[in-house]
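Since each chain sits alone in its own frame, please combine them into the complex, following the hints.
As a plain string of letters, each chain reads:
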Amino acid sequence: MNMTSIENRAEKIRNAHKLLKRFEYKPQEVQRGYANKTLYINISDNTIEAKEVAEEIKEKFVGGKGFGLWYLWNAVKSTTKWDDPENEIVISPGPIGGITQYPGAGKSLVVSLSPITGSVMDSNVGGHFGPLMKFSGWDALEIQGKAQRDIIIFIDGNEGIVEIYEAPLESVNSHILAEELTEIFAKSEEDKRNVSIVSAGEAAEHTLFGVLSFSFYDKRKKVQRLKQAGRGGIGTVFRNKKIKAIVVRYKGVTGNSNNAADVNKIKELGLKLHKEIRNFDKEQCRMREIGTAHLVEIMNDYDLLPVNNFKFGSHKDAHKIDSKVLVKKVVQGSPDGCWHGCSMSCAKAAKDYELKSGPYKGHKVVVDGPEYETVAGVGSNCGIFDPDYIMECNFYCDTYGIDTISFGTTMAFLMECYEKNIINKDITGGIELNFGNADAAMEVLHQMAKGEGFGKIAGMGVRRLKKLFIEEYGADPKFVNDIGMEVKGLEYSQYVSKESLAQQGGYALANKGPQHDEAWLIFMDMVNNQIPTFEDKAEALHYFPVFRTWFGLNGLCKLPWNDIEPEDNHTTDEPAKVPEHVDNYVQLFNSVTGKSIDKEAMFLQSERVYNFQRVFNLKMGYGTRKDDIPPYRSMGPVTEEEYLSREDRYDKQLKNLLGLEPEGMSTEEKIEALREYKYTQYEKLVDAVYKRRGWTEDGVPSVELMKKLGMDFPEVIKVIEEHQKGGFR
Amino acid sequence: MIRVNHREMDFHGEMTLKSLIEDLKYSFPNLIVSINGKLITKDKYEETLIRDGDDIRIIHPIAGG
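Protein sequence lines correspond, in order, to chains A and B.
First residue of the first sequence: 1, per the numbering used here; consecutive thereafter.
First residue of the second sequence: 730, per the numbering used here; consecutive thereafter.
For the record, the hints were derived by calculation from the structure and aren't laboratory data.
If you're wondering where the values come from, they're calculated on a predicted model, not measured in any experiment.
Heads up, a few of these hints could be off.
Heads up, incomplete: computed chain B residues facing chain A, CB under 10 Å, no partners named [claimed, not checked]:
1. Met730
2. Asn734
3. Lys754
4. Tyr755
5. Leu768
6. His789
Each residue gets a CB set at the ideal place from its N, CA and C atoms; glycine is no exception.
So that you can see chain B by itself, here it is in the shape it has in the complex (with noise of 0.2 Å):
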């Protein structure tokens, strides 16, 4: 189990950060990520693996629209 926003989320296996931002659909183009509390750049979503357990945190800074 993983949490994602505080919000729990199945694990599995071979799950990078960028997979599971495209599988959340989350095609913002301004995301502020965050694994256990540790800030996670754009150019290192890919080969950021995601461990059972993480702490996630993928915001979307913005009250617009």
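Isolated chain A (complex conformation) (with noise of 0.2 Å):
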């Protein structure tokens, strides 16, 4: 898009809008990490208020996905389902968040009932809106109603005003919109920087799975990039209320915008982090280089990286998508930071990269990624080794808001189906969807965006689409509970987890569904053998998700914490804790809030979410162990195809593990006799996790656990005790 017609454009837009509310306030500087304000907005009746922020619920909660979960909470009943104007989106950065010394501190976390699982969801995103919206004045932004018509939702931090306006003509899609607002929003070329918009795209209407789009600006690309919020489609959730965009502004960004109570020694340790990352990021991670991607070629030596809907972990054409071809199509010079400050520098993007299908066809757009999960969820896990489709895939999905986790492993399940006869030509609209089809996952993708075709049904995702299979045309319920990988309704990301009971366990015992934020276990299981017992397991899957949790409450990413290690890492008792960077956030949460906390009390403050979280998931009807079995196609062998592929293996395990002999079995019986045993095994993990946890035999926590953790707010407990009466909703 030239810049006369953007111009143009916008001038249009603008004079389009109609202001439907203005609010204004007086903007307070950050202190301590805290502005000590939320922003509550309802678009029904567009009310705007600011609301105190208790100390009490910044102990208990902390920030980010904390204050997410409890506003939340306030704003829904059990009986909410996703699309009711009561469900809120909720955005919140945490305390550190925005800080600019140490890195990976740019995170928003963002909080909603999910339509795709009917339960809560978080997901966490880098870009800028987090940050510039604290330093405008709020620690959270509540959105709850639904507009009447298209939205966008303005917020100027510098001049202490929030309005929303009716928005007719903007763009939905994502890449254009951004460009548009930021043209309409930034007083000038230098101003864009200050500019962050959070948006969604035309698919997010369409499916179960769309994504919100936080964006950066990017000043040598002079563009406005775009980082997401993917799981768990609060995109949907987004579009459903009509609101196309929000938009910060807010000019000022110091290195102490947060007010810190020791400045100084966050320098300190951001320098100890810096120097690690420049000494020995090349030999480690590869991160400034080539971000996650450079997971492709190592999880296909290990037998991790998914293949045909996860029927096996590995492929002779995995070198045609990994780090090295991927390296000559995104890297254009320099690492780039999702926010200021960060070294780790992930992030990455493709200039002038010409699309060859849809809407856009002939442009030449910014790409940004890909991930290792979008290469292995739209590339191997559909039997996709093309880079460019990978590329293209992964622009349409950002841009028209599709979670590329969900879509591709969604795509890899309707393709096993295809070529399993469940659905045919005449299902799907005459698209041909083997395994390998890159033209016809296109073809759906672009469907999705249009509410089209069998796109359409696709974007419900895989649980709905099992259901619909088994009740509309006979397919073998058993078959497709076993290869459609989801839990909780969620699909699962990008690992193989077949060989590792740990990971089985950490995928679907967590809170939100098989995402792999909360543990990801699988080297010290199944390669290291550090957690050979079902107790610790337990450990691992208590000690992980809980301490994870903590990057959420604070408006941090994971990456800087395992992605680059101390040179001594090694020497430590638990290298794989990473021992002095959990000592450098202890310090950094004290340096930013003056407060004082150790390790101990930092485990505190996540425990206490996490527990909350899964009493918020049986408040609306889950968080069960029901809710906690994974398909058996995460723990073994559904097919004989699969069997076979890795027959010696498999073969052992049933002599070493079950005492049979294998010679005299047919492949059926092999598979049957394996299936007993896993799911055994994941029975007696759970029985030890749900120990270890605090929380009873059905996966509930106990009142008892709850008082310990200071959790014991009379809601909370009484959604415990009514499920223990057997009689909650």
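What follows is the structure, encoded as structure tokens:
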């Protein structure tokens, strides 16, 4: 888009805006990481209010995801559905969010009731919105209600203005919308860096796994780059509320906009980590060079890269989409961070990428990514080893507002169903959905954006597709439930967990569904063999999910914790925990807030929120043992093809673990024997994990635990007690 | 017989630490390796011979992803 056309278009768009509500406030400086106010907007009646943040809420929920869960808990009833007006979208960066001296401190956490799981969802995202919103005076933004017509919300953190506009002419797709709104709300070319936009896209309107994009202005490329709050369909909630975008403008970010208690200490901690990254990143994870995509070849080597709907863990063509190939397509001169001061700089973008399909065919665009999850999800898991397809699919998923993980896992499921004749061309509208058919996958993606054809059906996600195929097309329930890779309704992220019992739990026990941000234990378990007993695995499944919750409370990115390690990390007692970096985080929290926590208190902060989220699931009718059961594809071979592809491995397991002689058994018998064993092991794991976490045998945090954690809010205890009586809901 | 991460593996002559790591396809860049409790640095992988009965640990120090 050239400058004249964007300027002309911006003028027309602005002229069509109708101001629905204006709210004025006096911007206050953030103190020790907190603005101490949250912004509540109800877009049904255009109410805009400032709320005070009580000290108790800071103490119990810290910020970020903790605030999101608390405000949402108070906004919804147990009967509230994702598309009811009372559902909220809450965005919060957390107290450490926005510091510029320590890498990875620009995250926002988004919380809402999910269309795809029906329960509470949290999703973290980079970009500038969260910190700019906080420096504008708001620790969190709660949006409730539903607008009658498309709107945008504008926050000017310098002028102290919040406005709601009817917004009929803006584009919906994020890469254009972000440019239009930047042109409208930035006061000058230089001011564009002070504007950040939250948006979704056309496909978020028609699917259940819509994402939110959070922008940051790239001064070198002169474009708004997009990062995604990807999981669980919060973009779908956004468009259902008829929000086109939320815009924040704040000029004046400094090295101490948080007014931290001890900024010099933060500088010292940051400097130490910057040096580690400078010295060791090249030989460790190459985040500055290629970002998370460095994992493609590693996962392939360890048989963990999902191929053809998680049937296999490696493929001979994986080298065609590995980081050595992607680096040539993506990296253009220098590393990028998605927030100021992040020397980890894992963000990557290709400029002038010419699109080959869809409504923007022939356009030269900036493609942000691809991340490992995208390469594995839309690529290898669909049997597609074409880097150009991955780039194009990545771009369209982002601008249409589609989660690349759910899209990849859903398409992979559909491809297997197609190859098994559960669905056919009559059902797909003529699309040949074989594994490896990139054109077919792209066609479905474009249909999702239009809400047409098979794309509209595919956009329901794996859980609903399974039900449809069983009820309408006579699919074998056992088979589709085995191969449909979802738990709690959320599609799996992109790691093969068949040979790691701990990771099977890491996925299926996760509060929001099978996303690896709670626990990624495959190396500790399958490779290192460091957690051999159920108790060992349960300890890991207690520690890591709780510990990792902490990043989301504080507006932090997980990557600088363990994708860079100190030179002497291997000499510590527990290198997988990266103790020095955990220590950094304790000091960082204290240096920002002026509080005085230690590692135990840090863990307590997380444990409170982690258990609260579990009870929130319970409140919404989920959150018990029945919701923690994985599909068998995540545990072992479902089909003869899978078994035979790794026959030696599975035969050895039958022999060594079950004491069977595989020679006399048919493949079908072997599969069944292994299946029974693996589910028995899984149940034992669940028993051990629940016990370690202080939960009942049904997976419910006990009243005693919630009291011990100081989370015995009357309404929380009521939910637990009602469940125990068998009467909740 | 050797043990790698507490699991038994067949021993064959001419094994170096480097060849063992390559055979196992352990391509993760940041390994912590020890033989019979003695830490071996990356620059010594090629010259370190594996002996029958060795107890080898090849730790991938990450709980990330």
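- Query: Among all the numbered hints in the text so far, which are the ones the structure does not match?
  - Reply: 1
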